[in-house]
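Q: One letter stands for each residue in the lines below.
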Amino acid sequence: DAMVIQNPRYQVTQFGKPVTLSCSQTLNHNVMYWYQQKSSQAPKLLFHYYDKDFNNEADTPDNFQSRRPNTSFCFLDIRSPGLGDAAMYLCATSSRGAGGYSNQPQHFGDGTRLSIL
Amino acid sequence: GQNIDQPTEMTATEGAIVQINCTYQTSGFNGLFWYQQHAGEAPTFLSYNVLDGLEEKGRFSSFLSRSKGYSYLLLKELQMKDSASYLCAPRSGGSYIPTFGRGTSLIVHP
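Going line by line, the protein sequences match chains A and B. 1 is the number of the first residue of the first sequence in the working numbering; add one for each residue after it. 118 is the number of the first residue of the second sequence in the working numbering; add one for each residue after it.
By construction, these hints were calculated from the structure, which means they are not laboratory data. Note that the coordinates shown come from a computational prediction; the quantities given were computed from them, not determined experimentally. There's no promise every hint is true.
Calculated cross-link-like contacts (lysine-lysine; reagent style DSBU-like; alpha-carbon spacing at most 30 Å) [claimed, not checked]:
#, chain 1, residue 1, chain 2, residue 2
1, B, Lys198, B, Lys174
2, A, Lys38, B, Lys198
3, A, Lys52, A, Lys38
4, A, Lys44, B, Lys198
5, B, Lys193, B, Lys174
6, A, Lys17, A, Lys52
7, A, Lys38, A, Lys17
8, A, Lys44, B, Lys174
9, B, Lys185, A, Lys44
Bound conformation, chain A alone (with noise of 0.2 Å):
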């Protein structure tokens, strides 16, 4: 089945020390997004790549960086996590038409839960 994998389910970090979560889609979307989602509120969007076009959230820390090295896969990058990074970090993609919109949903993977020692 086609689907949205995102590995580790679990991370645990040392505060302080770099992290990569990765992302990996086997749906051929054009659109790959990152969202951090802190229990009991809404999923927030950090940035997303439109093909390899990146798009940063005004409001994303520059702590938070991404790679997308191929269509398929995308990287999230926490170089020196905090204790407010400790979070459920959400991977989603999605299929942006040729007129710029679709009514395509976004298709999410099971998301990574990070903790921060």
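Given the structure of chain A, go ahead and fit chain B onto it with the hints provided.
A: Same frame as chain A, now just chain B:
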């Protein structure tokens, strides 16, 4: 920016009907999504509305009024497995990316 307002929590009885409301303010409008999210899991797509009216999909229906900035998700014949958070996600005009509300936590009890 966008303002999205949903009730924080609702409770209902198994077999009943529940309506989850969402009001929003967007710069223009380009469709509204509803997602279901079980605790600790990823959101899954339920419905999409771009025109006024009701979209029915099995036990779930979604309604949209663009002039009122209002949508609701209607869940019929509630089952215990419907206990989850329901996220309203409108999309501004000119954008292909929806913005998520904080969700309504629905608790279904026997």
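Q: Please go over all the hints and tell whether each is borne out by the structure.
A: Going through the hints against the structure:
Between B/Lys198 and B/Lys174 the CA atoms are separated by roughly 17 Å; this keeps the pair inside 30 Å, and the hint holds. Between the alpha carbons of A/Lys38 and B/Lys198 the distance comes to roughly 23 Å, so the proposed pair stays at or under 30 Å and holds. Under the criterion of a C-alpha separation no larger than 30 Å, the hint pairing A/Lys52 with A/Lys38 is consistent with the structure, at around 28 Å. Of the pairs offered as hints, the one joining A/Lys44 and B/Lys198 holds, with about 26 Å between alpha carbons and a cut-off of 30 Å not exceeded.
Only pairs whose Cα atoms come within 30 Å are accepted, and B/Lys193 paired with B/Lys174 is accepted, the gap being roughly 11 Å. A C-alpha spacing of about 28 Å is found between A/Lys17 and A/Lys52, which places the hinted pair at or below 30 Å, so the restraint holds. Distance check on the hinted pair: A/Lys38 and A/Lys17 sit about 20 Å apart at the alpha-carbon level, within 30 Å; holds. Restraint check for A/Lys44 and B/Lys174: satisfied, since their Cα atoms lie roughly 28 Å apart, inside the 30 Å limit.
Taking the CA atoms of B/Lys185 and A/Lys44, the gap is about 25 Å. The hint holds against a cut of 30 Å.
Checked against the numbered hints above, the structure violates none of them.
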